[in-house]
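Participant: One line per chain: the protein sequences are A and B, in this order.
Oh and the first sequence: position 254 is 257 in this note's numbering, straight run, nothing missing.
Oh and the second sequence: position 32 is 37 in this note's numbering, straight run, nothing missing.
Just to be clear, a hint being listed does not mean it is correct.
[To be verified] Taking lysine-lysine pairs in the DSSO-like style, the calculated list, with each CA pair at most 30 angstroms apart, reads:
| no. | chain 1 | residue 1 | chain 2 | residue 2 |
| --- | --- | --- | --- | --- |
| 1 | B | K187 | A | K132 |
| 2 | A | K121 | B | K272 |
| 3 | B | K210 | A | K132 |
| 4 | B | K272 | B | K237 |
| 5 | A | K83 | B | K210 |
| 6 | B | K208 | A | K254 |
| 7 | B | K193 | A | K132 |
| 8 | B | K193 | A | K121 |
| 9 | A | K211 | B | K208 |
| 10 | B | K35 | A | K132 |
| 11 | B | K210 | A | K208 |
| 12 | B | K187 | A | K15 |
| 13 | B | K199 | A | K254 |
| 14 | B | K237 | A | K132 |
| 15 | A | K58 | B | K237 |
| 16 | A | K208 | B | K208 |
| 17 | B | K210 | A | K63 |
| 18 | B | K272 | A | K132 |
| 19 | B | K193 | A | K123 |
| 20 | B | K187 | B | K237 |
| 21 | A | K58 | A | K123 |
| 22 | A | K58 | B | K210 |
| 23 | B | K208 | A | K222 |
| 24 | A | K58 | A | K83 |
| 25 | A | K256 | B | K210 |
| 26 | A | K15 | B | K210 |
| 27 | B | K208 | A | K63 |
| 28 | B | K272 | A | K45 |
| 29 | A | K45 | B | K193 |
| 30 | A | K211 | B | K210 |
| 31 | A | K45 | B | K210 |
| 32 | A | K256 | B | K189 |
| 33 | B | K208 | A | K58 |
| 34 | A | K45 | B | K35 |
| 35 | B | K189 | A | K132 |
| 36 | A | K725 | A | K649 |
| 37 | A | K254 | B | K210 |
[Claimed, not checked] These stretches of chain A come out as covered by chain B in the derived footprint (C-beta under 8 angstroms, 3 or more residues):
| no. | stretch |
| --- | --- |
| 38 | 31-45 |
| 39 | 130-139 |
| 40 | 143-150 |
Source of the hints: derived by calculation from the structure; they are not laboratory data.
A quick note: this is a predicted structure, and the numbers were derived from the prediction, not measured.
C-beta: ideal position from N, C-alpha, C; glycine also.
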Amino acid sequence: MRTLAGVEDEEKWLAEGIAGIQHNAFFMHRALDANNLREVLKYSALMLSELRTSKLSPQKYYDLYMRAFDQLRQLEIFFKDESRHGLPVVDLYELVQHAGNILPRMYLLCTVGSVYIKSKQAPSKDVLKDLVEMCRGVQHPIRGLFLRSYLAQVSRDKLPEIGSDYEGDANTVIDAVEFVLQNFTEMNKLWVRIQHQGPGTVREKQEKERNELRDLVGKNLHVLGQIEGVDLEMYKETVLPRVLEQVVNCKDKLAQYYLMECIIQVFPDEYHLQTLEALLAACTQLMPTVDTKIVLTQLMDRLSNYAASSPDVLHEFLQVEAFAKLSNAIGKVIDTQLEMPIVGAMTLFVSLLTFTLRVHPDRLDYVDQVLGACVVKLSSVPKLEDARAMKQVVALLSAPLEKYSDIVTALTLSNYPRVMDHLDDGTNKVMAMLIIQSIMKNDSCISTADKVEVLFELIKGLIKDLDGTNVEELDEEDFQEEQNSVARLIHMLDNEEPEEMLKIIYVVRKHLMTGGPQRLPFTVPPLVFSAVRLVRQLEAQGGDIAGEDVPATLRKIFQILNQTIEALSSVPCPELALRLYLQCAEAASDCDLEPVAYEFFTQAFILYEEEIADSKAQVTAIHLIVGTLQRINVFGVENRDTLTHKATGYSARLLKKPDQCRAVYACSHLFWVDDPEGIKDGERVLLCLRRALRIANAAQQMVNATRGSSGPVTLFVEILNKYLYFFEKGNPHITPSDIQSLIELINTEMLSDNGNTTIHSDPFFSSTLRYIRFQKQKGGLMGEKYDLIKL
Amino acid sequence: MNYLLGAFKPACNVSITFSDGKNRKQVPMKKENGQTALVPLFHSQDTISGKVCIDPYQGKKVEHNGVKVELLGQIEMYFDRGNFYDFTSLVRELDVPGEIYERKTYPFEFPTVEMPYETYNGVNVRLRYALKVTVTRGYSGSILEYQELVVRNYAPLPDINSSIKLEVGIEGCLHIEFEYNKSKYHLKDVILGKIYFLLVRIKMKNMDLEIRRRESTGAGANTHVETETLAKFELMDGTPVRGESIPVRLFLAPYDLTPTHRNINNKYSVKYFLNLVLVDEEDRRYFKQQEITLYRLKEDASA
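Working from the sequences, and respecting the hints, build out all of it.
Facilitator: Okay, structure coming up:
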């Protein structure tokens, strides 16, 4: 009836109802003032008759109910005072039952009943039992619910719980529990029944209305949770089985969900723990449409928090085998609820895992078991496409990472990579990044090849293109970020044991080589450096390790390095490859492996010749080559000559004159290594420097020709500095007169350049001159030397 | 007839008083004119004694052919109004014919009178007890005075008082089983019971328990049956589900009931029924009627 009516009509009916209540309440109050019991009963019954309406929605009915409720409080005060109405309460209890209509009768009975209990003229349990039984007469769901909620409310402070006035003798806490349980059961039945009212077309609205009423039912559970004296034993034996029985039997999804939630929230954690079996059994018996996962999740969350709250309780968890039970239950739920979306199952697994990690941090096998179950579930569905499910899986995989700061732990979980396999590529990458970040954050070192293997298996989404990945979709910045992470990760792979380290390098290389041209520039350098570090380590240990094997091992490493860098040069990324070759060459040199070093140099030169065309890159490359070559002392005369010759040759052939000049004077260092055993070929140094001067001159003239002014004298000053350097180092071919003439040359150049400016305007030059003067004044050996230079 | 002469002012005032009138319990009784008056209450085997006082009006004398007092038990059928059937009639002669000049008092006594039936005021029938004083006069008509009595008889607790249990239903639609704790109730009793719903396929609005009184008068072809609903007591609001049981608790005290009367002097019977009525949402009524026996239990001194 009410469902067909509009909201306006409902407002009207509510207004009418309120008016009716007020009207009768007015006469009731008059009778109250006159202490006229008969009239009081008459008008209160009339007033309560307004609650018999079927026209209002629960919300509006609640409004009406509250107004009547306020009036009933007044009535209760009147009933309490025997001097006002002159009847013993027991007679009053009978008298109100004469009312012809059940609803007013029951409201009055409950009101008098509460006075009756208070008077203690009858055992409270008897009165309560009678009330809860008599309320059965109201079978209309909404009216019944409100009536019973009224009963619950007026009886709340009169339950014979432990410590209350009404406890004792025949009235025990069991009676209180019994009463609340019964009222709860009946209320739940009524609540569930609402859905059978009215036509099916308004189902949705009904569900909403029912939801609004749920707290009336839940209130009973709150009361149960608050009753003093409900100990674990009673909870286990009476309260929970009864409540669960009702929950399971009502076969209503809304009720089951809400009530399970209530149970979990209302009762203490330790009770849950001790009754886990029953609770979980109930969970598996819920309707398939109930969102069991949220229920279970909440339960596990509570238990995990409980476990986290104090270490003392952990043994309880072990005692009741909480994990096994939960795990079983979840398995069952997932098996039976076929319609449950995959995201639901995943959420459950996440909760279980969180629980496991909190409660049994030491039981890796449990964690693995959870992941295993997850794999089984994931395998049963096609490809995971639900974004939310994916998120849950990521959460699932992240949990162990967070818990075990040592990533190594996660690597021992055999099911971990299998779970990852089910992620899509994007998520897989995110997960891989998380793993790497975790390693970085905890600064944990992966020290065995096996673990490295596993780790790379895990992050393979970053290491190589997976099938079907659309490369163009990749965001450049993200990609760089990812690859940088991988690069950083490689540095975390370390083992003191060279042999194991070598294995690690093999493994890493194997994986990295699959990365393709985009990744190699990021990943090869760290690998190379890692290998070089191993080389240096071996070299430092010298013969300590395994005697003859060492050179062989070293050679092997260099072979790998060579191949690795070669891969890079084919990418192509010649500049990088060149640098790495040079690094390796230097390392090889330190190991006294001349042919190896030579080979690396050769490679570097080949690269220079064939691949590096850009003039700027060439300049940089030349300087690198020269710098490296200068430091390497392993080469025999012949090899060295070849290489230096090559280097100087390339230097002179650079495109720009200033570059040429600078490269050439840099080459001078190749012939003068400033250490006792270093080569000291003064003549060739001079040759180089002179050549540089010539080029500088040519450069100056060229500038003159094109611009009309000769430009700065920087090149000359630079060369002057080189002269001074070698002069100081004692190169016999550098004479003071050479320096002197060079200074003069610079001065002339400067004059001719800007006739109107003062001399020494070039700061570099002036500070060079200042240096010479300083050395002169300082005296000593160097001072004497410098005295020969006349300024 | 007599009452035609009653229009004249009578020569004397006749009054009847009971010897235990001050202590005797009085109960309200509805008179024919609709007003209620308090009337002394008697039980069977009571001794009815008292005084008849004849007080002639100032300066008048009453000549009479004798004074008598009668105790009458009468049944009056309303379709035959004014025609009383006396089932009890006891007479005491108080005076021989003579003249009364001044107030004169006659004591009388009917010891341990058998009054088998209760006073009853029904729809079609009335059973009453009265004391009738007659001052017989010759030509000027007799002077009559009535004093009504109410008679109530207590019944002992019944030996057998089994519960009423019945299963009723409509095929495939509604199936209920009800149970009342007794079949015989005293007038201040309380009916306890339960109604079990075994099958519910209709939507119900409510369920009431009614107390109905069936009064049948006359006999054979002239039998008149009159049924009244004396109580309508709502037991249930809304539709129960299968397996639900609804409690019944009905206090009889507030209702105006009499004991069950069976074949009183072959004139009438009064029977009581409990009628369980279910009303569905289309206002169709489903009901089942069960007879109960009501009896009057001797009340405690305190009651």
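Participant: Does each hint hold? Answer for all of them.
Facilitator: Each hint, compared with the structure:
1. K187(B) <-> K132(A): Given that 30 angstroms is the threshold and the Cα spacing comes to 23 angstroms, the pair holds.
2. K121(A) <-> K272(B): It is violated: about 54 angstroms lies between the C-alpha atoms, which goes past 30 angstroms.
3. K210(B) <-> K132(A): 26 angstroms, holds
4. K272(B) <-> K237(B): 29 angstroms, holds
5. K83(A) <-> K210(B): Violated: K83(A) and K210(B) sit about 34 angstroms apart, past 30 angstroms.
6. K208(B) <-> K254(A): 21 angstroms, holds
7. K193(B) <-> K132(A): 24 angstroms, holds
8. K193(B) <-> K121(A): At roughly 28 angstroms apart (the allowed maximum being 30 angstroms), K121(A) and K193(B) satisfy the hint.
9. K211(A) <-> K208(B): Given that 30 angstroms is the threshold and the Cα spacing comes to 23 angstroms, the pair holds.
10. K35(B) <-> K132(A): Roughly 42 angstroms separates the two Cα atoms, so the pair is violated.
11. K210(B) <-> K208(A): Holds, at about 22 angstroms.
12. K187(B) <-> K15(A): Not satisfied, since the Cα-Cα distance of roughly 47 angstroms exceeds 30 angstroms.
13. K199(B) <-> K254(A): OK: K199(B) and K254(A) at ~27 angstroms, within 30 angstroms.
14. K237(B) <-> K132(A): Distance ~26 angstroms between K237(B) and K132(A) Cα, so the pair holds.
15. K58(A) <-> K237(B): 24 angstroms, holds
16. K208(A) <-> K208(B): 21 angstroms, holds
17. K210(B) <-> K63(A): Measuring from Cα to Cα gives roughly 21 angstroms; hence the hint holds.
18. K272(B) <-> K132(A): Measuring from Cα to Cα gives roughly 48 angstroms; hence the hint is violated.
19. K193(B) <-> K123(A): Since the Cα atoms of K193(B) and K123(A) sit roughly 26 angstroms apart, the hinted pair holds (cutoff 30 angstroms).
20. K187(B) <-> K237(B): 19 angstroms, holds
21. K58(A) <-> K123(A): Violated: K58(A) and K123(A) sit about 39 angstroms apart, past 30 angstroms.
22. K58(A) <-> K210(B): 13 angstroms, holds
23. K208(B) <-> K222(A): 29 angstroms, holds
24. K58(A) <-> K83(A): 34 angstroms, violated
25. K256(A) <-> K210(B): 27 angstroms, holds
26. K15(A) <-> K210(B): 23 angstroms, holds
27. K208(B) <-> K63(A): 23 angstroms, holds
28. K272(B) <-> K45(A): Violated, at roughly 40 angstroms.
29. K45(A) <-> K193(B): Holds, at roughly 21 angstroms.
30. K211(A) <-> K210(B): Since the Cα atoms of K211(A) and K210(B) sit roughly 24 angstroms apart, the hinted pair holds (cutoff 30 angstroms).
31. K45(A) <-> K210(B): Within the cut-off at roughly 24 angstroms; holds.
32. K256(A) <-> K189(B): Judged against 30 angstroms, a Cα distance of about 48 angstroms means the pair is violated.
33. K208(B) <-> K58(A): 16 angstroms, holds
34. K45(A) <-> K35(B): 25 angstroms, holds
35. K189(B) <-> K132(A): Between K189(B) and K132(A) the Cα gap is close to 27 angstroms, so the pair holds against 30 angstroms.
36. K725(A) <-> K649(A): Holds - the C-alpha atoms of K649(A) and K725(A) are around 21 angstroms apart, at most 30 angstroms.
37. K254(A) <-> K210(B): 25 angstroms, holds
38. 31-45: Three-residue rule not met by the stretch 31-45 of chain A, so violated; n is 0.
39. 130-139: Holds, because 3 residues of the stretch 130-139 of chain A bring their Cβ atoms closer than 8 angstroms to Cβ atoms of chain B.
40. 143-150: holds (count 4)
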